[in-house]
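Peer 1: Given only the sequences and the hints, what does the whole structure look like? Please build it.
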Amino acid sequence: MNRSAANKTVYQFGYRRSADQDASRPVRRPVVIVGAGPVGLTAAIDFAKRGIPAIILDDADRIGEGSRAICFSKRSLEIMDRLGLGDRLVEKGVVWQLGKVFLGEHQVYSFDLLPEAGHRMPAFINLQQYYLEGYLVERAAELPLIDLRWRNRVTAVEKHDDFVRLTIETPEGEYRLDTDWCLACDGARSKVRDCLGLKFEGHTFEERFLIADVKMSAEYPTERWFWFDPPFHSGQSALLHRQPDNVWRIDLQLGPDADPDEEKKPERVRPRLERMLGERKFELEWVSVYRFNCARLKKFVHGRVIFVGDSAHQVSPFGARGANSGIQDAENLVWKLALVLNGEAPESLLDSYELERGQAADENIGHSTRSTDFIAPRTKQERVLRNAVLQLAPHAAFARRMVNSGRLSVASEYDSPLTTPDREAFAGSARLGLPVPDAPLDDRDGAKRYLLQTLGEDFQLLYVKDGARPNVPEGLRMTVIGEDLIDREGHFTQRFDATPGAAYLLRPDHHLCARMRSYDGNRIREALARAKGSAI
Amino acid sequence: MTALKTENGFANPDAAYEALVEAHRGLAEAESAALNARLVLILSNHIGDLKVLKEAISLAKKAG
Numbered sequence: 001m002n003r004s005a006a007n008k009t010v011y012q013f014g015y016r017r018s019a020d021q022d023a024s025r026p027v028r029r030p031v032v033i034v035g036a037g038p039v040g041l042t043a044a045i046d047f048a049k050r051g052i053p054a055i056i057l058d059d060a061d062r063i064g065e066g067s068r069a070i071c072f073s074k075r076s077l078e079i080m081d082r083l084g085l086g087d088r089l090v091e092k093g094v095v096w097q098l099g100k101v102f103l104g105e106h107q108v109y110s111f112d113l114l115p116e117a118g119h120r121m122p123a124f125i126n127l128q129q130y131y132l133e134g135y136l137v138e139r140a141a142e143l144p145l146i147d148l149r150w151r152n153r154v155t156a157v158e159k160h161d162d163f164v165r166l167t168i169e170t171p172e173g174e175y176r177l178d179t180d181w182c183l184a185c186d187g188a189r190s191k192v193r194d195c196l197g198l199k200f201e202g203h204t205f206e207e208r209f210l211i212a213d214v215k216m217s218a219e220y221p222t223e224r225w226f227w228f229d230p231p232f233h234s235g236q237s238a239l240l241h242r243q244p245d246n247v248w249r250i251d252l253q254l255g256p257d258a259d260p261d262e263e264k265k266p267e268r269v270r271p272r273l274e275r276m277l278g279e280r281k282f283e284l285e286w287v288s289v290y291r292f293n294c295a296r297l298k299k300f301v302h303g304r305v306i307f308v309g310d311s312a313h314q315v316s317p318f319g320a321r322g323a324n325s326g327i328q329d330a331e332n333l334v335w336k337l338a339l340v341l342n343g344e345a346p347e348s349l350l351d352s353y354e355l356e357r358g359q360a361a362d363e364n365i366g367h368s369t370r371s372t373d374f375i376a377p378r379t380k381q382e383r384v385l386r387n388a389v390l391q392l393a394p395h396a397a398f399a400r401r402m403v404n405s406g407r408l409s410v411a412s413e414y415d416s417p418l419t420t421p422d423r424e425a426f427a428g429s430a431r432l433g434l435p436v437p438d439a440p441l442d443d444r445d446g447a448k449r450y451l452l453q454t455l456g457e458d459f460q461l462l463y464v465k466d467g468a469r470p471n472v473p474e475g476l477r478m479t480v481i482g483e484d485l486i487d488r489e490g491h492f493t494q495r496f497d498a499t500p501g502a503a504y505l506l507r508p509d510h511h512l513c514a515r516m517r518s519y520d521g522n523r524i525r526e527a528l529a530r531a532k533g534s535a536i
Numbered sequence: 001m002t003a004l005k006t007e008n009g010f011a012n013p014d015a016a017y018e019a020l021v022e023a024h025r026g027l028a029e030a031e032s033a034a035l036n037a038r039l040v041l042i043l044s045n046h047i048g049d050l051k052v053l054k055e056a057i058s059l060a061k062k063a064g
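If you're matching them up, the sequences are chains B and V in order. Numbering-wise, the working numbering puts 138 at position 138 of the first sequence, and it's gapless, one number per residue. Numbering-wise, the working numbering puts 11 at position 11 of the second sequence, and it's gapless, one number per residue.
Careful: at least some of the hints might be erroneous.
Computed Cβ-Cβ distance ranges for the label pairs, DEER-style [claimed, not checked]:
1. B:P244 <-> V:G26: 53 to 59 Å
2. B:E489 <-> V:L27: 56 to 62 Å
3. V:P13 <-> B:A188: 52 to 58 Å
Taking lysine-lysine pairs in the BS3-like style, the calculated list, with each CA pair at most 30 Å apart, reads [to be verified]:
4. B:K199 <-> V:K51
5. V:K51 <-> B:K380
6. V:K61 <-> B:K380
Just so you know, the hints here were simulated from the structure itself, not pulled from any lab data. For each residue, glycine too, the CB sits at the ideal point set by N, CA and C.
Peer 2: The following block contains the structure:
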């Protein structure tokens, strides 16, 4: 790959001097976010939607260099939809939900990530990370509460009891900034993490992989294709996945002894890809050779410094659990921190961020480790066992289910002190601790709506009509299903196991935190207090 | 209480052992290892109980 391709800039931004740089004493801010990647930008936009100003510091001044994350999950898209970017992402992205796994030339397993209808967002889109970041930056620019500062590099982090002092280097010299809360969204090689002397705990995999984004016109379907031992890359694994603009992601396993510098050279990469792609003409957009960790920080909250996304945890790419989990981290944290900043919840509510997203990180690391162990067995005997699964797959259903080329990211189900346990039985796909499922509904004017579109930023009660509207606690928004929204197709009723009088309490991140078969004002008040941290 | 049965389960245990031995007869070491791996997977799934599987693993480890 030539240098200009490697350094291609997709979006260019400019450094601008901030008045904070001229202040005689460090200015104090409520929230400073380090890192203008998908996670930091998501957090800033969510804060702005809740009326809280946020500063984002980023050491670069452009977005470029390869597509990196490409698969964005339904849950991420639902979050982006709330932030105002859902339609734009789905329109630009490549929508997909089918995956196929091959052994040699034969398909051994396939999966469908969204087999049911009636959801506003698809199971997945593929989209180059630079597009997501570009759209988020443009969205952030529309919001006056966000102050995005390019070429602002954090060089020191000083922890105080109730604030954090940052030293920031700019093209015009250094300045300091105080903040009530500092969100470290600065990625796997987090500078903030280094400044605090914190270390990841986990496992580094020896196996190296080649990742190549290739531009070509090809007739492959819009599905995730994964090969074990393909004819074009004997003894290893390969992945092919479509992105917008006729760009295809190709991932080739190279083994543990591959030399990363050699393998990146076009004269090495092209023949490998030609074996896979045959006679097709292609251009290399981006090439990288990588190894990865499955690791996490033991704690995500360190006083007033909070780690979010890759700065807090890292996984292998098989499963699309990196960017997607980071976006969910941001969403989980922001509403809680907003309540704390507004004096509506105790600081201990943030313990539930640590707990819930810690569970999610462990789950992601677990899946990611299992996938990687399957794709790249660590010992000869592990390989024998793995190959046995693949050999049995064409003959036995159970073995097909064991074939693991990555288990793709779905929302995490929180086992949380914010949840009020069920007293009555509920069936359906809505589950305590999970985000609520979407459902198509009609509004009062008969216009088609999706449930998730109607939910907004606050706690929300969904009440199934059974006579008069109940008087909900002050500040709680209520939607009456059967009055405000009509379930003509029956999806809501089925997914929520809804019966007349049933009430469902949703957190600001749309996770279901309490439900009951009939409206009980006291129980709802208690559940609301619990969801704001009263039981922590 | 253990879930794994360790008392004899076969009407004719000698015949069962013979079937296993015969399956391996004439195979090279790598082929035998691969056959064993497939057998372990097939039988594990047939049992379909993670607790039993883990007890079996720990008995196998202890005995070796």
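Peer 1: Could you work out which of the previously given hints the structure breaks and list their numbers from low to high?
Peer 2: Of the numbered hints, just 4 does not hold.
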